[in-house]
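Use the sequences and the hints to build the structure in full.
These protein sequence lines map, in sequence, to chains A and B. Heads up: the first sequence begins at 1 in our numbering, then just goes up one per residue. Heads up: the second sequence begins at 289 in our numbering, then just goes up one per residue.
Worth double-checking, as some hints may not be accurate.
Here are the simulated lysine-lysine pairs, BS3-like style, with alpha carbons at most 25 Å apart [said to hold, decoys possible]:
id: 1; chain 1: A; residue 1: K44; chain 2: B; residue 2: K457
id: 2; chain 1: A; residue 1: K212; chain 2: B; residue 2: K334
id: 3; chain 1: A; residue 1: K53; chain 2: B; residue 2: K457
id: 4; chain 1: B; residue 1: K607; chain 2: A; residue 2: K193
id: 5; chain 1: B; residue 1: K502; chain 2: B; residue 2: K429
id: 6; chain 1: B; residue 1: K334; chain 2: A; residue 2: K193
Hints are computed from structural coordinates only; laboratory data are not their basis.
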Amino acid sequence: MMKNRTMKRPRNFEALPFVGPWVLGFLLFMAFPIGFSVYMSFHKVSVLPTRFKYEFLGLRYYKEILFGSSALYDELIPFFQEIAIMVPVILVFSLFIAILLNQEFPGRVLFRVVFFLPIIFTSGSILTEFVNQGQGSLGFMDRFEVGGYLDLFLGNSSWAGPVKDVLNRFVLVLWYSGVQILIFLAGRQTISKSAYESARIDGASPWEVFWKITLPAMSPFILLNLIYSVVDMFTFPYNPIIQLITTGNYGYNSALALIYFFIIVIFLGIMLLLYSRVNKNAARAWKF
Amino acid sequence: MRTESKLWLNKRSKGGRIWDRLSRLKVTDIRYLFFGREINRGLLFKLLIYWVLVITAYIYLNPILKMLVKMVMSKDDMLDPAVEWIPREIYWGHLADAAQSLMYGKSVLISITVSAVVALFHVITCGMMGYSLARMNFPGKSVLLVMLVLAFIIPPQVTVLPLIIMYTKLGLQNHLISLILPSVFGFGIKGSLFVIIFRQFYMTQPVEMEEAAKIDGAGAFKFYWKIMFPLAKPSIFVVSIFSFIWTWNDTYYPNIFLSVTDNVPLALQMARMDEDLKTILDSEEMLLLLMEGIKMAASFLVILPPLIIFFLAQRYFVKSVERSGFID
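See the structure below:
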C-alpha cells in the first residue's frame, strides 16, 4: 500500500488556504449546531414571537426517551436487526456483482450502466414511490410462499419480522448497492494482473486465487463499504427513527437526535471491532 | 464430376482431421472448454455470468419499466387488469398533468442551478481539503481527520434544528442560498465523502512533482491549481456527478429550509404534489389507480434530467471511477 509521503519540511501557513474554508465550515455547520443541539437537549425551548426562551430541564428529556417510553426501542430494535441482515447481504451482493462486471464479456458496458442506475434513484423520493407502489418485493416471495417457510424456521423469534421485512423489500437491498458496486469495481482495478498470472503459474485454482489474492486485496474496500453502508442506512431520511425526529419541540428532538447519534457511533464501533477481528490486514491497509 | 469428388475428398479429409483431433482430445480439454483454464474463461462461467446479470438487471429495471408503462396508460387501460405491460394506446395526459403541477419549467431551472452550483463548490473546497490531508504536513492534521470522520457519520438530524435557527437569524430561511451555503465550505450532502475521494486520489500521486515545483519556487496554492487539480480529473468527474445527483434528489434539506416559499427544487415540488394528491384522494372520489399514472409521470419527469446527464456521461464515469480516489 501507498506510504504516506508528505513533505519533510513543515510549512504551516501554506496549508491555511486549503483547510481554512473547510474548518470554517466545520465550525458553522458541525461544531456550532452540535454544541447548540446539546444545549437545547437540556432545555425546554419555547418559541416566542421575537425570541426563543430556554428553561433548564437537565437530563429530563434523555430520561424520558431512554426509560420513559418504548417508542425509541420499538423502532430501533427491528431496524438494527434489519441493518444486521441487510449490510452483509449488500456487501456480498455488491462484491459479487463487481467481480462479475470486471470480467471481460460482450455487453458488459450495458450491464455496468444498468447497475449504476440505482445511484440516480436511491437517494430520492422516487424510491419511496416505488416501495409504496409495491415494487419493492420480489415476485417469487408470494409465488413460493416463502413467508410460510420462514415461520417454520424462525417460529416466534424476534427475528422473523425483520427477516420477512428485508425479504419483502429485497429489491431495495439491491438498489442500495449502487455506490458499493462502484467502490468494489474501482478497488478491483488496483489488483495487478501479474499477481493473477504468477498465481496461475504456481498452479493455484481459481477458488484459491479468489481467497488468497482477490479477497485480501479487496479488504480495505470491504471496510470502506461497510462504513458507507451503515452510515447510509442510518442517515437515510426515510428510516423509521429519523422519522421520529421532527422539527417540533426543539429540546426533546435534539436529545433524540443526539441519542441516535451515539447509537450510530456504538454500532459502527462494534462493526469495526468485529471486522478487525476477522481481518487484521484491513485496518492497516485503509489508513486514517 | 472430378471437382465434385475432389470436394468430397476435401470434406472428408477435413472431417477426418476433426475426428482425429476429437479422438486425441483429453478429458481435461473438455473441462477447460466448459470451466476454462481459469474459472472466468470457461463457457459455463460465461453463461452463469449472463444468467446472473440478466436476472439482477431485470430486477433493477423492473420498477423503471413499470413506471414508463404506467405513465402512458389511459384510464381504461389502468382499470383493465388484462393490460399489464402493453397499453392499448399511448396516453400523454398524465405527463402533461404532472408537468403542470410540478411547474416543470421553473422547478427544473431551480434544480439545475442549485445542483450545479453545489457540485462546483464541492469540487473546489473538498478538492483542496482532500489535497491538504493527503499531501501537506501541518499541526493538527490528525485532529482534522477525526473531524472529517465525525462529519461523515453524524446524521443530519443532529444539526438541522440549530441550522434552522441560524438561518432564520441570518435571514436565509426560505432562500435557495440556504441549500448552497454548506457546499461553499465543503459540507452539505455527503461533503465529507467527497473529501475522502479527493484525499484517496491525491495520495496515489507521485511526490516528486511537488518537490520539483518547490525548487522552481511555485507557491502551494498556485501549484495546486495549475498542476495537481487538473490531474484529478477522474475524481472531479465522480464528485461532480455524485454531488449533482444527490443534491438533485434531496428532499430533506429543501423541505426544512424552504418550508414556506414557492420557489423550490423539483424533488420537493414532487413531494408537495404527493401531499396534494393525498388530500384530493381523501376528500374527493379520485381513484388511487388513476393517481398512479400521474405519480409515475411525475417521477419520470424528476429523474429525466439526471438520467440524460448520466447516459451522456456514463462512458467517462465508469473510466473515472476506475481511476478515481477510491483507489488506495
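So, going through the hints one by one against the coordinates:
1. Annotation: proposed proximity of K44 (chain A) to K457 (chain B) holds, straight-line Cα distance about 20 Å (limit 25 Å).
2. Simply put, K212 (chain A) and K334 (chain B) have alpha-carbon atoms about 23 Å apart, close enough for the 25 Å limit, and the pair holds.
3. With a CA separation close to 15 Å, the supplied pair K53 (chain A) and K457 (chain B) stays within the 25 Å bound.
4. Using a Cα cut-off of 25 Å, the hinted pair K607 (chain B) and K193 (chain A) holds, with the two alpha carbons roughly 18 Å apart.
5. Restraint check for K502 (chain B) and K429 (chain B): the C-alpha separation of about 21 Å stays at or below 25 Å, so the hint holds.
6. A C-alpha spacing of about 20 Å is found between K334 (chain B) and K193 (chain A), which places the hinted pair at or below 25 Å, so the restraint holds.
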